[in-house]
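Residue numbers (the working numbering), protein chains in the order written: chain A, 1 to 295; chain B, 1 to 295.
In case anyone wonders, no lab produced these hints; they're calculated from the structure. Glycine included, C-beta positions come from ideal geometry on N, C-alpha and C. The reader is advised that the hints may include incorrect statements.
Said to hold, decoys possible - EDC-like mimics (lysine to aspartate or glutamate), calculated; alpha carbons at most 20 angstroms apart, straight line:
#, chain 1, residue 1, chain 2, residue 2
1, A, K222, B, E223
2, A, K111, B, E273
3, B, K191, B, E247
Stated by the list, open to error - Computed footprint of chain A on chain B, listed as stretches where at least three residues anywhere in the stretch have a Cβ under 8 angstroms from a Cβ of chain A:
#, region
4, 207 to 219
5, 269 to 276
Unchecked claim - From the structure, some residues in chain A lie toward chain B, with a derived Cβ separation under 7 angstroms:
#, residue
6, A44
7, R47
8, Y182
9, F282
10, Q293
11, Y295
There are 2 protein chains.
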Amino acid sequence: MSSRTSIRTLPKNLSIAIPASFIDVYSNLSQKTDQIGRIARAAAINRVSEILVFPDVSSKNQAPQRRLITRILEYLDTPQYLRKHLFGKHPDLRRVGLLPPLRTPHHPTEKRARKLSEGEIREGYVFRKDGKLVVDVGVEKPLPFLRPVSSRIPCRATVSITRNPYGMLTAQPATPPTPEVYWGYKVLDIKQPLSDFLKTNRVYDLIVATSRRAAQINEIWKELHSRWQKAKHVLVLFGSHNKGLGEILQQEGHQLDTLTDFQVNTVPNQGVETIRTAEAVFLSLSVFRLLEQRY
Amino acid sequence: MSSRTSIRTLPKNLSIAIPASFIDVYSNLSQKTDQIGRIARAAAINRVSEILVFPDVSSKNQAPQRRLITRILEYLDTPQYLRKHLFGKHPDLRRVGLLPPLRTPHHPTEKRARKLSEGEIREGYVFRKDGKLVVDVGVEKPLPFLRPVSSRIPCRATVSITRNPYGMLTAQPATPPTPEVYWGYKVLDIKQPLSDFLKTNRVYDLIVATSRRAAQINEIWKELHSRWQKAKHVLVLFGSHNKGLGEILQQEGHQLDTLTDFQVNTVPNQGVETIRTAEAVFLSLSVFRLLEQRY
Numbered sequence: 001m002s003s004r005t006s007i008r009t010l011p012k013n014l015s016i017a018i019p020a021s022f023i024d025v026y027s028n029l030s031q032k033t034d035q036i037g038r039i040a041r042a043a044a045i046n047r048v049s050e051i052l053v054f055p056d057v058s059s060k061n062q063a064p065q066r067r068l069i070t071r072i073l074e075y076l077d078t079p080q081y082l083r084k085h086l087f088g089k090h091p092d093l094r095r096v097g098l099l100p101p102l103r104t105p106h107h108p109t110e111k112r113a114r115k116l117s118e119g120e121i122r123e124g125y126v127f128r129k130d131g132k133l134v135v136d137v138g139v140e141k142p143l144p145f146l147r148p149v150s151s152r153i154p155c156r157a158t159v160s161i162t163r164n165p166y167g168m169l170t171a172q173p174a175t176p177p178t179p180e181v182y183w184g185y186k187v188l189d190i191k192q193p194l195s196d197f198l199k200t201n202r203v204y205d206l207i208v209a210t211s212r213r214a215a216q217i218n219e220i221w222k223e224l225h226s227r228w229q230k231a232k233h234v235l236v237l238f239g240s241h242n243k244g245l246g247e248i249l250q251q252e253g254h255q256l257d258t259l260t261d262f263q264v265n266t267v268p269n270q271g272v273e274t275i276r277t278a279e280a281v282f283l284s285l286s287v288f289r290l291l292e293q294r295y
Numbered sequence: 001m002s003s004r005t006s007i008r009t010l011p012k013n014l015s016i017a018i019p020a021s022f023i024d025v026y027s028n029l030s031q032k033t034d035q036i037g038r039i040a041r042a043a044a045i046n047r048v049s050e051i052l053v054f055p056d057v058s059s060k061n062q063a064p065q066r067r068l069i070t071r072i073l074e075y076l077d078t079p080q081y082l083r084k085h086l087f088g089k090h091p092d093l094r095r096v097g098l099l100p101p102l103r104t105p106h107h108p109t110e111k112r113a114r115k116l117s118e119g120e121i122r123e124g125y126v127f128r129k130d131g132k133l134v135v136d137v138g139v140e141k142p143l144p145f146l147r148p149v150s151s152r153i154p155c156r157a158t159v160s161i162t163r164n165p166y167g168m169l170t171a172q173p174a175t176p177p178t179p180e181v182y183w184g185y186k187v188l189d190i191k192q193p194l195s196d197f198l199k200t201n202r203v204y205d206l207i208v209a210t211s212r213r214a215a216q217i218n219e220i221w222k223e224l225h226s227r228w229q230k231a232k233h234v235l236v237l238f239g240s241h242n243k244g245l246g247e248i249l250q251q252e253g254h255q256l257d258t259l260t261d262f263q264v265n266t267v268p269n270q271g272v273e274t275i276r277t278a279e280a281v282f283l284s285l286s287v288f289r290l291l292e293q294r295y
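Chain A extracted, bound-state conformation (with noise of 0.2 angstroms):
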């Protein structure tokens, strides 16, 4: 239906997967870097809560590929301020730094104390300085934190900030305000055969595999799009540039349709031969995000 009232729609939790394989065509550190900085770029634009890298060719140990892909997505996520922190200088790094940042809410840009707000959310880093606890939100000096969190120190929280009435700044855990507010995605290494792993998912009450032989999006598109509505957390499944995930599954011992809801064409009639796999997922997620709308 048309309307010119706006209907917002809470975004719902988006996961794609995508495979290890998909940055072998590149031949270099600098172009697989920015390959993974454009995934990172294309989930965080359309508000993807969890990226998961699966392997995709069973013959070959691609543990190293999806640690530099993991690795680098989370490094993308990570505000500037606690990346100091939380990598080291790792070589699968060496290249990030041309990379565009994300401009998500989660990483705020503001460095000056005293211009936090009370209750502001941030990610911070805790550690103890001097017997007592504190945590680094990006600015100045790090604020004393009030509580202990339960994970070991030092670590990653989500706090909020308090001003109290003597102008002290402190500081205490918080959850992420989602989800109204975009606040980054997760990133999961997945070891298993994505068969194995989509046979035992109790998470996911729609999954979604891209394909290029599959139907073009507008002919299922009224079933989908009522399936994304009622979906609480969907996954999108991506293939690699030779491989479509009809056959990395069949290598498996699988079929497509047996473990995935829709199939989807989302570039029905494309111009050019072949698209890769960071520019497949600009293209599926800003489809799959009309999705998410009324019309």
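Mind docking chain B on chain A? Use the hints.
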């Protein structure tokens, strides 16, 4: 309507217009080239027939930017075997080597004359060799060119290949096999202000402005879909990182809604603060392509 039968609609002429300043946020030629390359890929994937580059900062001479953008876009649209004929070693092209190829049907990869098929259409470069007209179509040797083209020689031309009964190959002028086969995009350097260009338009029967401040696409979907289906030649306008289309036209003393038919936000509820032009082109074109389809 949801239907399992494949209803393929032929793509209509789709033009996009991008502001010359979009590359200004990038500090070096490699980054600028990379972003222009992304727009070329987004255009090719989505069968864009024409890319317009327009001046958007009236206080500045943007000719160098417009030339850089148009030159790289044209270079990428040119089959590899024609680039040596048509592009010298221009400084603007110092960083094009790392860009991914478009992989469109008008960029054939077969380099052996014996593999050319009767009636095959290729882009060629017509020139005189030993007094005879020949055309380079990307195989070992140029082929005899049967009729002179009207343009000055040497020139680029679309040709069809003929194999005579004795196996001899010749080429003759042809028209591109559009619209079934995507044959790349033309590039237009718009020297006049965007408002002047739009006011004198006699080509586009539907002009759509992308704008973060406009109605969400789902809210105007029905009207836009209906107009898009009827249109013969659609023009989609993009603003820049810094300035929306409304601001650009306002500086020229005009209103966005009087010069365009629709204003639409293609990325409602975006998770990030700013979306770069190349990203916006990728996201928006994949959304607009859905309007080509029937539901």
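How the hints compare with the structure:
no.	hint	in the structure
1	A/K222 to B/E223	holds, 18 angstroms
2	A/K111 to B/E273	holds, 18 angstroms
3	B/K191 to B/E247	holds, 19 angstroms
4	207 to 219	holds (count 5)
5	269 to 276	holds (count 8)
6	A44	holds, 5 angstroms
7	R47	holds, 4 angstroms
8	Y182	holds, 4 angstroms
9	F282	holds, 5 angstroms
10	Q293	holds, 4 angstroms
11	Y295	holds, 5 angstroms
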